[in-house]
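K.L.:
With the hints as your guide, set chain P onto chain F.
In the order they appear, the protein sequences are chains F and P.
Going by our numbering, the first residue of the first sequence is number 1, and it counts up by one from there.
Going by our numbering, the first residue of the second sequence is number 115, and it counts up by one from there.
Hints listed in this document are in silico derivations from the structure and should not be mistaken for laboratory results.
If you're wondering where the values come from, they're calculated on a predicted model, not measured in any experiment.
The beta-carbon is built from N, C-alpha and C at its ideal position, and this holds for glycine as well.
Check each hint, because a few of them may be wrong.
Label pairs and their calculated CB-CB ranges [stated by the list, open to error]:
{"no.": "1", "chain 1": "F", "residue 1": "E75", "chain 2": "P", "residue 2": "R157", "range": "19 to 25 Å"}
{"no.": "2", "chain 1": "F", "residue 1": "P70", "chain 2": "P", "residue 2": "S142", "range": "45 to 51 Å"}
{"no.": "3", "chain 1": "P", "residue 1": "L198", "chain 2": "F", "residue 2": "N77", "range": "18 to 24 Å"}
{"no.": "4", "chain 1": "F", "residue 1": "T112", "chain 2": "P", "residue 2": "P123", "range": "22 to 28 Å"}
Going by beta-carbon spacing under 10 Å, a handful of chain F positions derived as facing chain P [to be verified]:
{"no.": "5", "residue": "G3"}
{"no.": "6", "residue": "R22"}
{"no.": "7", "residue": "Y33"}
{"no.": "8", "residue": "G42"}
{"no.": "9", "residue": "W48"}
{"no.": "10", "residue": "L90"}
{"no.": "11", "residue": "S94"}
{"no.": "12", "residue": "T102"}
{"no.": "13", "residue": "F105"}
{"no.": "14", "residue": "G108"}
Each chain is listed here by its residues.
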Amino acid sequence: EAGVTQSPTHLIKTRGQQATLRCSPISGHTSVYWYQQALGLGLQFLLWYDEGEERNRGNFPPRFSGRQFPNYSSELNVNALELEDSALYLCASSLGLVLRDTQYFGPGTRLTVL
Amino acid sequence: AQTVTQSQPEMSVQEAETVTLSCTYDTSENNYYLFWYKQPPSRQMILVIRQEAYKQQNATENRFSVNFQKAAKSFSLKISDSQLGDTAMYFCASQTGANSKLTFGKGITLSVRP
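Isolated chain F, as found in the complex (with noise of 0.2 Å):
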């Protein structure tokens, strides 16, 4: 069974521009969080979809935003693009609302804005 996926595996832009990372759930699976995890800032939870509507979100400014698509893959985008949005974006992926399901993780993307 195909793991949690995400694209591209690395992205540089420059301040100002905007990201798009995308992401594929573990087939079956509905729900998609959105993770960053900055050096030194440890790992903050982004955003949760699931069903195509967004569930939650963290303490992130609106230039982050995201959606996911009726075969729930996701997509994460950052608009104006700071030098500390540079980070590891993990996406995961769980079975679904219920509390005890477990959110499995992709490899992430690495964006670093210059």
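P.N.:
The following block gives chain P in isolation, referenced to the frame of chain F:
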């Protein structure tokens, strides 16, 4: 609000020996889950073990086991017969309530020496 604390930034252990990684957490919820995730240099976050707070029995997965002390809000991970492949960063995480997000500790870097 949930908090997860991992106070040891790094540890080292000899191959084949046993090591314990500490974690404390704080939550006002009664129903929650605790996790240990492993992140090797390849950066893929891998689930190590999961504990449901309502279960008194400590979870075990092969060489990995936890010591879950609910009253003390402590959740330590014991790795027996350490292997070189256990070298990684280990994150303790909690999950509560309908928002379903994971709250992570800062992580601990474990090095297994040959």
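K.L.:
Indicate, hint by hint, whether the structure satisfies it.
P.N.:
Evaluation of the provided hints:
no.	hint	in the structure
1	E75(F) - R157(P): 19 to 25 Å	holds, 21 Å
2	P70(F) - S142(P): 45 to 51 Å	violated, 37 Å
3	L198(P) - N77(F): 18 to 24 Å	violated, 40 Å
4	T112(F) - P123(P): 22 to 28 Å	holds, 25 Å
5	G3	holds, 9 Å
6	R22	violated, 17 Å
7	Y33	holds, 7 Å
8	G42	holds, 5 Å
9	W48	holds, 6 Å
10	L90	holds, 6 Å
11	S94	holds, 8 Å
12	T102	holds, 6 Å
13	F105	holds, 4 Å
14	G108	holds, 5 Å
Consistency with the previously given hints fails for numbers 2, 3, 6, ordered from lowest to highest.
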